[in-house]
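> Could you put together the complete structure from these sequences and hints?
Just so you know, the protein sequences line up as chains A and B, in that order. In terms of my numbering, the first sequence opens at residue 1 and continues consecutively. In terms of my numbering, the second sequence opens at residue 1 and continues consecutively.
Don't take every hint at face value.
Unchecked claim - If you want the footprint, here are the derived chain B segments under chain A, 3+ residues with CB under 8 Å:
#, segment
1, 114-124
2, 160-170
3, 226-233
Claimed, not checked - A short list of chain A residues far from chain B (calculated; beta carbon distances all over 10 Å):
#, residue
4, 53
5, 56
6, 62
7, 95
8, 104
9, 115
10, 119
11, 138
12, 148
13, 156
14, 163
15, 188
16, 212
17, 291
18, 298
Keep in mind that the hints were calculated from the coordinates and are not lab data. We treat Cβ as the ideally placed atom computed from N, Cα and C, and that holds for glycine.
Here's the letter readout for the chains.
2 protein chains.
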Amino acid sequence: MTVDWIAVDWGTSAVRVWVVGSEGDVIRRARSDRGMGQLAPDAFERALLDLIEADLDTDRVTPVICCGMVGARQGWVEAPYAAVPCAPPGMAEAVRPPVSDPRISVHILPGLRQDQPADVMRGEETQIAGFLSAHADFDGVLCLPGTHAKWARISAGEVVSFRTAMTGEVFALLSGSSVLRHGLAGDGWDDAAFRAAIDDAMTAPAQLTARLFSLRAEGLLHGLEAGTARARLSGLLIGLELAAMRPYWLGQNVALIGEGGLTERYAAALTAVGAAPAVTDATRVTLAGLTRARRQMKDKT
Amino acid sequence: MTVDWIAVDWGTSAVRVWVVGSEGDVIRRARSDRGMGQLAPDAFERALLDLIEADLDTDRVTPVICCGMVGARQGWVEAPYAAVPCAPPGMAEAVRPPVSDPRISVHILPGLRQDQPADVMRGEETQIAGFLSAHADFDGVLCLPGTHAKWARISAGEVVSFRTAMTGEVFALLSGSSVLRHGLAGDGWDDAAFRAAIDDAMTAPAQLTARLFSLRAEGLLHGLEAGTARARLSGLLIGLELAAMRPYWLGQNVALIGEGGLTERYAAALTAVGAAPAVTDATRVTLAGLTRARRQMKDKT
Chain A
1 MTVDWIAVDW GTSAVRVWVV GSEGDVIRRA RSDRGMGQLA PDAFERALLD LIEADLDTDR
61 VTPVICCGMV GARQGWVEAP YAAVPCAPPG MAEAVRPPVS DPRISVHILP GLRQDQPADV
121 MRGEETQIAG FLSAHADFDG VLCLPGTHAK WARISAGEVV SFRTAMTGEV FALLSGSSVL
181 RHGLAGDGWD DAAFRAAIDD AMTAPAQLTA RLFSLRAEGL LHGLEAGTAR ARLSGLLIGL
241 ELAAMRPYWL GQNVALIGEG GLTERYAAAL TAVGAAPAVT DATRVTLAGL TRARRQMKDK
301 T
Chain B
1 MTVDWIAVDW GTSAVRVWVV GSEGDVIRRA RSDRGMGQLA PDAFERALLD LIEADLDTDR
61 VTPVICCGMV GARQGWVEAP YAAVPCAPPG MAEAVRPPVS DPRISVHILP GLRQDQPADV
121 MRGEETQIAG FLSAHADFDG VLCLPGTHAK WARISAGEVV SFRTAMTGEV FALLSGSSVL
181 RHGLAGDGWD DAAFRAAIDD AMTAPAQLTA RLFSLRAEGL LHGLEAGTAR ARLSGLLIGL
241 ELAAMRPYWL GQNVALIGEG GLTERYAAAL TAVGAAPAVT DATRVTLAGL TRARRQMKDK
301 T
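The following block contains the structure:
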């Protein structure tokens, strides 16, 4: 099997690699936890080679196309943001870090910036590109749940505007490091509590900070179950996000890009408020977005 | 100088001690970081003796009166909450943990509970008791800023109802452990940004989660100063709290119990919304509340 190119999704805390064959088939997948957050600029090449060296051919240069935080200022090399409104950046905007190994050429796709209100993304723009390769005529809003959830307005193949909610990170901090952690252990779940909390948060978003401590107090006073408390915390935070993002989803055509339990919760929450989103797998669109860049590279040559 | 009794404020992360003489004078102060959070029940007596042993007299039993998390279920011994509405608990409600040292008798003051909406406090009730010893006729609302800010309605010497906001803990988590930490280092401050953020949060509380990430994005795109970012984060969170607690301060007689920069910020924020609070020093009222319990003990004998 001949390796045609290598796709890399390089985030803050992890790196994922797909080795792609000449027929577009994925020959091998690999990942490591050597994310951007722990690498100095001169450590990226070695971290990459540790994952892909076995797939390289000494007779030719294998293109490696990356997206994500690897292109941040603190990353391998800065890939300056493209400013919205614009189509998701592709190979024409990619930046090439210096590499010493002659068997690879590395290309890093830039993220997107919005000046007002100030916002940035790195990685999601490539997922959006991948989504648009399969839905070229999509007109509406994409929601990408995660540590930093992104909401993007899409029209005529461009990202018109976008907004980030820190919902996932706030949930992780509150459930892992705050006083609330005592009442949230385990993996139970209470769907009715989740839906009620979404509703509470959207009706009276200002009450968030008081409602958070009630989770602790209800545990102490009334024996609130951990699964109910966790579902309610998640609902309060996702509900607050839905209240903030109302102009993004109200009366809009909404599609979700994500995977796993978190995306299912966003789907349930959005369905409850009347926006019934289709869900597209995040890994699939990441690879599709990187593949688009590979295609652009071939079209050029 | 004769030691009459010893006052102890024993919280989750620290313990403070006042050795009080027969004239009511503070002979010595001490503190350690052996808070309730790191002590098993059988380790409290040793931790206490390490702070006060030099002040004990073998010929008599010295009363030690404690408030705070030492009386929690995971503390030295559980001092069951008193339910509001009620006067702040005193010596009649105190619980005595078993001690092996014959030179001390230890009394732990209980906290307060509210069943609906569920809420609890431990320690602040003693500050409220201390405040009321000097302002017996106070009718209004007490605000006690901190890791978990408390708001309490006071009337006829009783705590009628109260509510907790996790503002301090959320600020600490976001500024110390979230992605925002990169843009908040240093100790600068921007008062105009603080006031504007209070206003923004109260006007559109639901936008919190999106505004948080804007702090990061403005740092990356527009070079937002750390002092401005920190002031804005503080203002967004305190503004959200003020929005949640509006029924507590709007048109009410509000007094602040606290100390340091955080309390000054609450004073500025409350003044900006038309409630100009008097500020009472938190340490002073803590000692006053414990002294009230000592007085009750003497009155009884």
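> None of the hints should be skipped; say for each whether it holds.
These are the hints, each one checked on the structure:
Residues of the segment 114-124 of chain B lying with their CB closer than 8 Å to a CB of chain A number 6, which satisfies the three-residue condition for coverage. Only when three residues or more bring their CB closer than 8 Å to a CB of chain A does the claim for the segment 160-170 of chain B stand; here the count is 7, and the claim holds. For the segment 226-233 of chain B, the proposed coverage by chain A is not satisfied: 0 residues have a C-beta within less than 8 Å of a C-beta in that chain, short of the threshold of three. No Cβ of chain B approaches the Cβ of residue 53 (chain A) within 10 Å, the least distance being about 32 Å, so the stated non-interface status holds.
Look at residue 56 (chain A): its CB is around 34 Å from the nearest CB on chain B, clear of 10 Å, so calling it non-interface holds up. Listed as outside the interface, residue 62 (chain A) is consistent with that label: its C-beta sits roughly 32 Å from the nearest C-beta of chain B, beyond the 10 Å cut-off. Residue-level check passed: residue 95 (chain A) sits 17 Å from the nearest beta carbon of chain B, beyond 10 Å. The beta carbon of residue 104 (chain A) is kept farther than 10 Å from every beta carbon of chain B, the shortest such distance being approximately 29 Å.
Non-interface call for residue 115 (chain A) relative to chain B: violated, since the shortest CB-CB distance, roughly 6 Å, does not exceed 10 Å. Listed as a non-interface residue, residue 119 (chain A) fails to keep its Cβ farther than 10 Å from every Cβ of chain B; the least gap is roughly 5 Å. Remark: the non-interface label on residue 138 (chain A) is consistent with the geometry, its nearest Cβ contact in chain B lying 23 Å away (cut-off 10 Å). Not every Cβ of chain B is farther than 10 Å from the Cβ of residue 148 (chain A); the closest lies at roughly 6 Å, contradicting the non-interface assignment.
For residue 156 (chain A), the requirement that its beta carbon stay farther than 10 Å from each beta carbon of chain B is met, with the minimum near 25 Å. Residue placement check: residue 163 (chain A) does not keep its beta carbon more than 10 Å from all beta carbons of chain B (closest about 5 Å). No beta-carbon of chain B is positioned within 10 Å of the beta-carbon of residue 188 (chain A); the least distance is around 19 Å. With 10 Å as the threshold on Cβ separation, the claim that residue 212 (chain A) sits away from chain B is violated: the shortest Cβ distance comes to roughly 5 Å.
Taking the minimum C-beta to C-beta distance to chain B, about 28 Å, the non-interface status of residue 291 (chain A) holds against the 10 Å cut. The Cβ of residue 298 (chain A) lies farther than 10 Å from every Cβ of chain B, with a closest approach of about 33 Å, so its non-interface assignment holds.
The structure does not agree with the numbered hints 3, 9, 10, 12, 14, 16 stated previously, though it agrees with the rest.
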